[in-house]
Amino acid sequence: SQTIHQWPATLVQPVGSPLSLECTVEGTSNPNLYWYRQAAGRGLQLLFYSVGIGQISSEVPQNLSASRPQDRQFILSSKKLLLSDSGFYLCAWSVFGGSKDGYTFGSGTRLTVV
Amino acid sequence: KQEVTQIPAALSVPEGENLVLNCSFTDSAIYNLQWFRQDPGKGLTSLLLIQSSQREQTSGRLNASLDKSSGRSTLYIAASQPGDSATYLCAVLPMDSSYKLIFGSGTRLLVRP
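Protein sequence lines, in the order shown, are assigned to chains A and B. Under this note's numbering, the residues of the first sequence are numbered 1 to 114, in order. Under this note's numbering, the residues of the second sequence are numbered 1001 to 1113, in order.
Here chain A stands alone, though its shape is the one from the complex (with noise of 0.2 Å):
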C-alpha cells in the first residue's frame, strides 16, 4: 500500500536559519509531488508541485524553494527563514494528477520561526 513520509513533525527555528523538510512516499512510483502551506486562520496554499525527478513548478514567489532529488522524495528549503515562514506544511502525492484516485496527504511539519 501506498504511504507518505513526513519530517520532523515540529520544528522551532530562528530567524535567518536555513530550513530542510522532507517527504517520502511508499508504494508507487512516478508521483506528483505537492507542497502547501497552511498559516493560522488561513486555507491550503500550494507552494511547489513537481511531475518528475528534477521538475519543479513554483506556485508563489517567497523565500522557500523545493526539489526533487528522487523519484519519490520531496524536499523543501530556505536559506535563511522569515517570520512569515512559519505555518503547517504538507507534502501531498497523486498519481495520474490526481484524476483517478485523488490526493494523499501526509501528516504536516508544524514550524515556528523565532
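Simulated from the structure, these hints should not be mistaken for laboratory data. Any given hint could turn out to be false.
In silico DMTMM-like pairs for lysine to aspartate or glutamate, Cα to Cα no more than 20 Å straight-line [stated by the list, open to error]:
#, chain 1, residue 1, chain 2, residue 2
1, A, K100, B, E1056
2, B, K1042, A, D85
3, A, K100, B, D1096
4, B, K1100, A, E59
5, A, K100, A, E26
6, B, K1042, A, E22
A few chain A positions that, by computed beta-carbon distances, are all more than 10 Å from chain B [unchecked claim]:
#, residue
7, P14
8, G16
9, Q62
10, Q70
11, D71
12, G87
13, L90
14, S107
15, T112
Using N, Cα and C, we set each Cβ at its ideal position, and we do this for glycine too.
Given chain A, put chain B in place with the hints provided.
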C-alpha cells in the same frame, strides 16, 4: 478561475444529530471532488472522493453527493459523535492541465456530548 466556498464556516451540534456540510464551486469542469477531515495540528485525511461522473459516495456514516451542473456538493454525517469534531475541507480538481487541487476554507465542526 475556480473558487470553492464552504458554508457554514463553523457548526456546533449536539451528539446524535444528523448534519449537512455544504461546498460550492464556480466552474463545473472538474475531474473530481474530494472531502477531507483535519484534526487540530494534524494532516488531512481523505474521507470521500467523488468522480465527476458520479452522483454520490458513501463510507459508513458519511455520504457525499455531487451536483456538478449546479456546482454543489454536500457531506452528510449521520448520527454525529464527539469524535466527528474536526475541520472538514472540500477540494475540487479542475479539468485543466494543472492537476492542482483547489480547496475551500473549511467548516469547523464541534459535536457536543
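Evaluated hints:
A C-alpha spacing of about 16 Å is found between K100(A) and E1056(B), which places the hinted pair at or below 20 Å, so the restraint holds. Between K1042(B) and D85(A) the CA atoms are separated by roughly 18 Å; this keeps the pair inside 20 Å, and the hint holds. Among the hinted pairs, K100(A) with D1096(B) is consistent with the structure: their alpha-carbon atoms are about 14 Å apart, no more than 20 Å. Restraint check for K1100(B) and E59(A): the C-alpha separation of about 10 Å stays at or below 20 Å, so the hint holds.
Restraint check: the Cα-Cα separation between K100(A) and E26(A) comes to about 18 Å, which is no more than 20 Å; the hinted pair holds. With a C-alpha separation of about 17 Å, the suggested pairing of K1042(B) with E22(A) holds against the 20 Å cut-off. Every CB of chain B is more than 10 Å from the CB of P14(A) (nearest about 22 Å), matching its label as outside the interface. Every CB of chain B lies more than 10 Å from the CB of G16(A), the least distance being 26 Å, so the non-interface label holds.
The Cβ of Q62(A) lies farther than 10 Å from every Cβ of chain B, with a closest approach of about 17 Å, so its non-interface assignment holds. No Cβ of chain B comes within 10 Å of the Cβ of Q70(A); the nearest lies about 21 Å off, and the non-interface call holds. At roughly 17 Å from the closest C-beta of chain B, the C-beta of D71(A) stays outside 10 Å, upholding its exclusion from the interface. Non-interface call for G87(A) relative to chain B: holds, since the shortest CB-CB distance, roughly 12 Å, exceeds 10 Å.
With a least beta-carbon separation of about 6 Å from chain B, L90(A) fails to lie farther than 10 Å from that chain, contradicting its non-interface assignment. Once the 10 Å rule is applied to beta carbons, S107(A) is inconsistent with being away from chain B; the minimum gap is 4 Å. Under the 10 Å C-beta cut-off, the non-interface status given to T112(A) relative to chain B holds; the minimum distance is some 12 Å.
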